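Enquirer: Here's the letter readout for the chains.
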Amino acid sequence: EAQVTQNPRYLITVTGKKLTVTCSQNMNHEYMSWYRQDPGLGLRQIYYSMNVEVTDKGDVPEGYKVSRKEKRNFPLILESPSPNQTSLYFCASSAPGLAGGRTEQYFGPGTRLTVT
Amino acid sequence: DAKTTQPTSMDCAEGRAANLPCNHSTISGNEYVYWYRQIHSQGPQYIIHGLKNNETNEMASLIITEDRKSSTLILPHATLRDTAVYYCIVRADLYNFNKFYFGSGTKLNVKP
Chain C
210 EAQVTQNPRY
220 LITVTGKKLT
230 VTCSQNMNHE
240 YMSWYRQDPG
250 LGLRQIYYSM
260 NVEVTDKGDV
270 PEGYKVSRKE
280 KRNFPLILES
290 PSPNQTSLYF
300 CASSAPGLAG
310 GRTEQYFGPG
320 TRLTVT
Chain D
523 DAKTTQPTSM
533 DCAEGRAANL
543 PCNHSTISGN
553 EYVYWYRQIH
563 SQGPQYIIHG
573 LKNNETNEMA
583 SLIITEDRKS
593 STLILPHATL
603 RDTAVYYCIV
613 RADLYNFNKF
623 YFGSGTKLNV
633 KP
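Sequences listed follow chains C and D, in order. Using my numbering, the first residue of the first sequence is number 210, and each one after it goes up by one. Using my numbering, the first residue of the second sequence is number 523, and each one after it goes up by one.
Just so you know, the hints here were simulated from the structure itself, not pulled from any lab data. Fair warning: this is a prediction, and the values are worked out from it, not measured in the lab. A few of these clues could be false.
Some chain C residues close to chain D (C-beta under 8 angstroms, calculated; not the full set) [what the hints assert, rightly or not]:
1) Gly-251
2) Leu-252
3) Gln-254
4) Tyr-273
5) Thr-295
6) Leu-297
7) Glu-313
8) Phe-316
9) Gly-317
10) Pro-318
11) Gly-319
Every beta carbon over 12 angstroms from chain D, so not counted as near; a handful from chain C, in silico [what the hints assert, rightly or not]:
12) Lys-227
13) Gln-246
14) Val-261
15) Glu-262
16) Pro-284
17) Gln-294
18) Val-324
To give an idea of the interface, some chain D residues facing chain C are shown, with a C-beta separation under 8 angstroms as derived from the structure [what the hints assert, rightly or not]:
19) Gly-565
20) Pro-566
21) Phe-622
Cβ coordinates follow ideal geometry from the N, Cα and C atoms, glycine included.
Excised from the complex, chain C in its bound form:
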């Protein structure tokens, strides 16, 4: 089954304690992204990757790091989490599209992070 998986699904942590949220896709997609979703602000892109070893900042990259060492994995790293990073996080993947082709993003189930 084609899917994007994220782990953990729920995480409560304390300020300053480094954490990693993993993301993996089994569709051989080139593109992967991380989003955060906050009430009233919709989904905002944190980082994206267009292929292995190619990453770039989205709209809200401060406080986050990513890496893309393998095509299937795109972990999100919070080196020193702060309470303002409490949010619902989504990983997504997609493939380059052909003209008129279906090129939707596939989203993971989400990771709810609470930083106290």
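Dock chain D against the given chain C, drawing on the hints supplied.
Expert: Chain D only, in chain C's frame:
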């Protein structure tokens, strides 16, 4: 990318058609209209997309006006499971999803 405007919420009776409008008056000629939905904090789910012709798939129909300044997503027979937030997104680049702006969307409430 063009900005979109959607109603905050809508109600629909179960079994009836749900028609969700989206205004994108500043859309450019090369920009596509996409629709996604998000059911109760799950990951967003792709529904349909189009450029200027009307489109239909197993989930929904997309009607784009001739001037392309607005569109309507139609769920032909809404069920309770269609209760979700529906996002209309306008985007130029069909091939890259490195920038994909989700606005506030329309909360569709399907009622028995």
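Enquirer: Indicate, hint by hint, whether the structure satisfies it.
Expert: Now for the hints, and whether the structure bears them out:
{"no.": "1", "hint": "Gly-251", "in the structure": "holds (5 angstroms)"}
{"no.": "2", "hint": "Leu-252", "in the structure": "holds (4 angstroms)"}
{"no.": "3", "hint": "Gln-254", "in the structure": "holds (7 angstroms)"}
{"no.": "4", "hint": "Tyr-273", "in the structure": "violated (16 angstroms)"}
{"no.": "5", "hint": "Thr-295", "in the structure": "violated (14 angstroms)"}
{"no.": "6", "hint": "Leu-297", "in the structure": "holds (6 angstroms)"}
{"no.": "7", "hint": "Glu-313", "in the structure": "holds (3 angstroms)"}
{"no.": "8", "hint": "Phe-316", "in the structure": "holds (3 angstroms)"}
{"no.": "9", "hint": "Gly-317", "in the structure": "holds (5 angstroms)"}
{"no.": "10", "hint": "Pro-318", "in the structure": "holds (6 angstroms)"}
{"no.": "11", "hint": "Gly-319", "in the structure": "holds (6 angstroms)"}
{"no.": "12", "hint": "Lys-227", "in the structure": "holds (25 angstroms)"}
{"no.": "13", "hint": "Gln-246", "in the structure": "violated (8 angstroms)"}
{"no.": "14", "hint": "Val-261", "in the structure": "holds (15 angstroms)"}
{"no.": "15", "hint": "Glu-262", "in the structure": "holds (15 angstroms)"}
{"no.": "16", "hint": "Pro-284", "in the structure": "holds (17 angstroms)"}
{"no.": "17", "hint": "Gln-294", "in the structure": "holds (17 angstroms)"}
{"no.": "18", "hint": "Val-324", "in the structure": "holds (18 angstroms)"}
{"no.": "19", "hint": "Gly-565", "in the structure": "holds (3 angstroms)"}
{"no.": "20", "hint": "Pro-566", "in the structure": "holds (5 angstroms)"}
{"no.": "21", "hint": "Phe-622", "in the structure": "holds (7 angstroms)"}
Violated hints, in rising order: 4, 5, 13; the structure is consistent with all others.
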